[in-house]
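2 protein chains.
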Amino acid sequence: LERRKRKRMRRLLKAMHPAKIASLLETLTPAQRISVWQQIDEPLEQKVLSHLSPALRAQLTQEAGAGEDTEPSADATGAESTAGGADAADETQLRVVLEALESGKLKRIGRLFRKLHPARIAGLLESLPAADRAAAWDMVEHGRMGKVLRHLHEEVRRRLAAEMEQDDLVDAAREMAPDDLVDLIQDLPGDLGREILLTLNRRERERVESMLSYPEDSAGGLMNLDQIAVRADIKVGTLLRYLRLLEDLPPNTDKFYIVDRGNRYQGIVRARRVLTAKPETPIAELMETDFEPVAVDAPEADIARRFEAQDLISVPVVDPAGVLLGRITVDDVVDVIRDLAEHSMMGMAGLDEETDMFAPVVVSSRRRAVWLGINLVTAFLAAWVIGLFENTLEQVVALAVLMPIVASMGGIAGSQTLTLVIRGLAMGQLGTVNTSILLLKEIGIGLLNGLLWALVVAALAIVWFGNWAIGGIIAAAILLNLLCAALAGVLIPLILRRLGIDPALAGSVVLTTVTDVVGFFAFLGLATLLLL
Amino acid sequence: LERRKRKRMRRLLKAMHPAKIASLLETLTPAQRISVWQQIDEPLEQKVLSHLSPALRAQLTQEAGAGEDTEPSADATGAESTAGGADAADETQLRVVLEALESGKLKRIGRLFRKLHPARIAGLLESLPAADRAAAWDMVEHGRMGKVLRHLHEEVRRRLAAEMEQDDLVDAAREMAPDDLVDLIQDLPGDLGREILLTLNRRERERVESMLSYPEDSAGGLMNLDQIAVRADIKVGTLLRYLRLLEDLPPNTDKFYIVDRGNRYQGIVRARRVLTAKPETPIAELMETDFEPVAVDAPEADIARRFEAQDLISVPVVDPAGVLLGRITVDDVVDVIRDLAEHSMMGMAGLDEETDMFAPVVVSSRRRAVWLGINLVTAFLAAWVIGLFENTLEQVVALAVLMPIVASMGGIAGSQTLTLVIRGLAMGQLGTVNTSILLLKEIGIGLLNGLLWALVVAALAIVWFGNWAIGGIIAAAILLNLLCAALAGVLIPLILRRLGIDPALAGSVVLTTVTDVVGFFAFLGLATLLLL
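In order, the protein sequence lines correspond to chains A and B. The working numbering numbers the first residue of the first sequence as 1 and each following residue consecutively. The working numbering numbers the first residue of the second sequence as 1001 and each following residue consecutively.
In case anyone wonders, no lab produced these hints; they're calculated from the structure. Some hints here could point you the wrong way.
What the hints assert, rightly or not - Per label pair, the in silico range of CB-to-CB distance:
(1) A:Thr281 x B:Thr1281: 16 to 26 Å
(2) B:Thr1281 x A:Glu285: 19 to 29 Å
(3) A:Glu285 x B:Arg1264: 32 to 42 Å
(4) A:Leu245 x B:Arg1264: 29 to 39 Å
(5) B:Glu1163 x A:Glu99: 51 to 61 Å
(6) A:Glu163 x B:Asn1391: 52 to 62 Å
(7) B:Pro1360 x A:Arg194: 51 to 61 Å
(8) B:Leu1388 x A:Asn467: 17 to 27 Å
(9) B:Lys1020 x A:Val323: 53 to 63 Å
(10) B:Leu1529 x A:Glu390: 21 to 31 Å
(11) A:Arg366 x B:Leu1388: 53 to 63 Å
(12) B:Val1363 x A:Glu163: 47 to 57 Å
(13) B:Gly1373 x A:Glu390: 28 to 38 Å
(14) B:Glu1216 x A:Asp248: 30 to 40 Å
Even glycine gets a Cβ: it sits at the ideal position worked out from N, Cα and C.
Bound-form chain A, shown alone (with noise of 0.2 Å):
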């Protein structure tokens, strides 16, 4: 009765008739009698009952009151997440689950989760150590399975999709929108996507296929098939009288696309213009035709910023002859908005935005140790410029105390520089043209703040060492370093990006490089000058 083997358990009682299960449940002891009893599923729970003794059935179902008994308050704390004050109910749900996990009630876990949006269950599962994961899945209810899966980021849904039956990952799969099909047929290992293909019928497939041609961080990779388009010759009353046949729109339905015959697109008609329309005015009138489309091969980035910048809700996507292919939808926008603002603050550590907080050890491990490994030269580099002085250093040793001061105020400095500059290229506002603008402001901030430094490291050096030279050196060498840092935190970024190089990524490591190697050398080079 390990948890690694409840799986097969559930399964085998599934398999069982009602009346087997209760004898089987009659033979047990009674702590394994409860573990037993919470793998049966619910509509299986009412006929196992009615074939147990009555003492028996007493005792199962007092078992379940009693996990019933946490309900209220995790109820109560849901309806206040959704309102504000999220924090103390997200604590008690993920108390719930973990508690849950620890003692073996899944049942509970599958009781919380049929209340909660599933978003919100990502949430949850994302908040799991990556061991106990595929427990507290398991009681996801299966027409749900989908919807949780597009919530999950993107390592953590790939180990949870790798460890399902593949039948229960077809099922998921069908529910779920094309676009986000395409993101985990793209997560998943080759042949396991092209089942799922196989499971759609011809003209699913063969949208879902045609979007899987397109890079996934491209317009192509982002778009959904659920637009509604029209002819501009048609009436209001006429599209109405269409929607009233569709019956529900598709959500974020804030505008209508109109194609000619050759399914071109034409322009646009918002709803709320339909909305507020008299039924017998043409839609021709209610058109713009200055809503420019999103060609189907450009990059989610300007995709975001433009989203960003014209508040906008949908947009509509066409290939390079102009034909409507699908449409961009807010919701998956802000996806990559927020993927791309935490691309560059994961990016300065060395870590990918998708990456699961709680992967299991090993992996993490490997994946920090690459980062550890580029830093490692980074600091052998900087070892061995103090290795060249290591004559001054033995005859003055308060140089020895003193360098790190140089190498921090720089390393410091030149990261400010540097997150304004690749935030400043995230959002677009830097090009060629203003780059010598921000260099020579950026040069001037670390000559104010290099001389007001310097000055006051200068007096304290003095004062603890008593000696005015090495304040005087120190000085010199803290104002140098801050000027390079400014000029290395301008340049490094966007040299990097010239050659193609993630500057969020590498940017941090190149400038400590450089701050540590100029900050050990002016000091300790002026020192070997200066004093010796």
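Got chain A; can you put chain B on it based on the hints?
Same frame as chain A, now just chain B:
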């Protein structure tokens, strides 16, 4: 004719009679003439031209034509920029603006701006040096200033608004949506804000004043007042007739709100349901009563998380008694999401997410000096630790060469953990319940990576200095520092948060202090024990 005087000249020219301007133009040198001509408003141009001699007229219109020449390219790239592949287009536009500012041909900026989206104008203004912004800002059409202001970052907006004529500012304010106006007033000095309030009519003023009473980062500060609320006892047809009276609906109207007689929130009706329903359907039949409203004091981070999770376009905001106050729309939430994500990144470098990249040197220097000063305390603490072992260093100078390696490996490993935890906290995935799980995992990673890199560094140190003892000492110190880094990376942000300090802002300084002090102390301390 300096830049600063242009504004005064523009005002003078506006008040002058066209004939007078014409005669003034005739008396100037050609260079001065063109410069003055650039300051004349478009509507005046024709009148002035008719008063000029034919030769002069030809010269000036040719000049205007030369300006026109740059436009086709700007136009073409402008269209591209919305379709994607925007970088080149953005560069071209920025170059046009910078060159125009350089040569004083401000009309070109005005012509370019007239073709651009207000958000793009805001982006261009932010890409300019702070000193040149006011001149470009003057070329924004007065009717669009409010829209551009809305898209600027706080710091830039405040500075431009402070430089505007009060009348212009009031005009701009009148076009803004109440939520944006509230933002603007919160950024302005108190007097100016009150002046703007006084120009509104009583009903608007009361609304804005009530919104000003909520904190900027709460639902009350985010909400807008343009919701459409109806009663549940009407029919779809009645709603449609009412909407037709409005002619157009506010942007992002994806739902209508149902209220009772006391304006208390009852539920929602989605616009898409209205579009697909028959006119005789009662609204009550389409109403969803389980859509949770947002409390007016809910923090913006919770709201952003809900929008992201549930893919929302708008939510109703209610007061504690359940009265519908307004609604929050996705366009404002996108800004919040971006700000929150940027806050973590910028905070780690001691910067504010509203920072103006091109702020004047002195302003930026002062702000960054604080951060450098805080870090200097850290650096001196590390130096003090090294100073404790001056004696040891004097005898084994190799230690001085290797010691930065120990500190730097700890710093890198710690900042990876810290970044992960800060993001986990921002996403609400880390509570007290699962902290211990994460802590164990991070310590596991620290142990594995510590062992790996301890061996590597030890081997390198032994090869370099031919000293086995030093190799052993550095290995032990690195292992210890990586374990401490894992512990500190998890606990520091959690402790800071409990103390009410922003972990994104203070986390990295405190972490560096820990890894530096532990690294130097472990390495030099062990060396003192074992080598002397």
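Verification of the hints:
1. Checked against the hint of 16 to 26 Å, the C-beta distance between Thr281 of chain A and Thr1281 of chain B comes to roughly 22 Å, which is consistent with it.
2. About 27 Å separates the C-beta atoms of Thr1281 of chain B and Glu285 of chain A, a value consistent with the hinted range of 19 to 29 Å.
3. Distance hint for Glu285 of chain A and Arg1264 of chain B: a CB-CB separation of about 39 Å, consistent with the stated range 32 to 42 Å.
4. A hinted range of 29 to 39 Å holds for the C-beta pair Leu245 of chain A and Arg1264 of chain B, which are about 36 Å apart.
5. In this structure the hint that Glu1163 of chain B and Glu99 of chain A lie 51 to 61 Å apart at CB holds, the actual value being about 60 Å.
6. At roughly 58 Å, the beta-carbon separation of Glu163 of chain A and Asn1391 of chain B lies within the given 52 to 62 Å, and the hint holds.
7. Separation of Pro1360 of chain B from Arg194 of chain A is about 59 Å and conforms to the stated range, judged on CB atoms against 51 to 61 Å.
8. Checked against the hint of 17 to 27 Å, the pair Leu1388 of chain B and Asn467 of chain A passes, with Cβ atoms roughly 19 Å apart.
9. Distance hint check for Lys1020 of chain B and Val323 of chain A: the Cβ-Cβ separation is about 58 Å, which falls inside the suggested range of 53 to 63 Å.
10. Between Leu1529 of chain B and Glu390 of chain A the C-beta distance comes to about 23 Å, which sits within the given range of 21 to 31 Å.
11. The hinted range of 53 to 63 Å is not satisfied by Arg366 of chain A and Leu1388 of chain B, whose Cβ atoms lie roughly 37 Å apart.
12. Between Val1363 of chain B and Glu163 of chain A the C-beta distance comes to about 54 Å, which sits within the given range of 47 to 57 Å.
13. In this structure the supplied range 28 to 38 Å holds for Gly1373 of chain B paired with Glu390 of chain A, their Cβ-Cβ distance being about 32 Å.
14. Glu1216 of chain B and Asp248 of chain A have their C-beta atoms about 37 Å apart, which keeps the hinted 30 to 40 Å range intact.
The structure fails hint 11 only (numbered hints given earlier).
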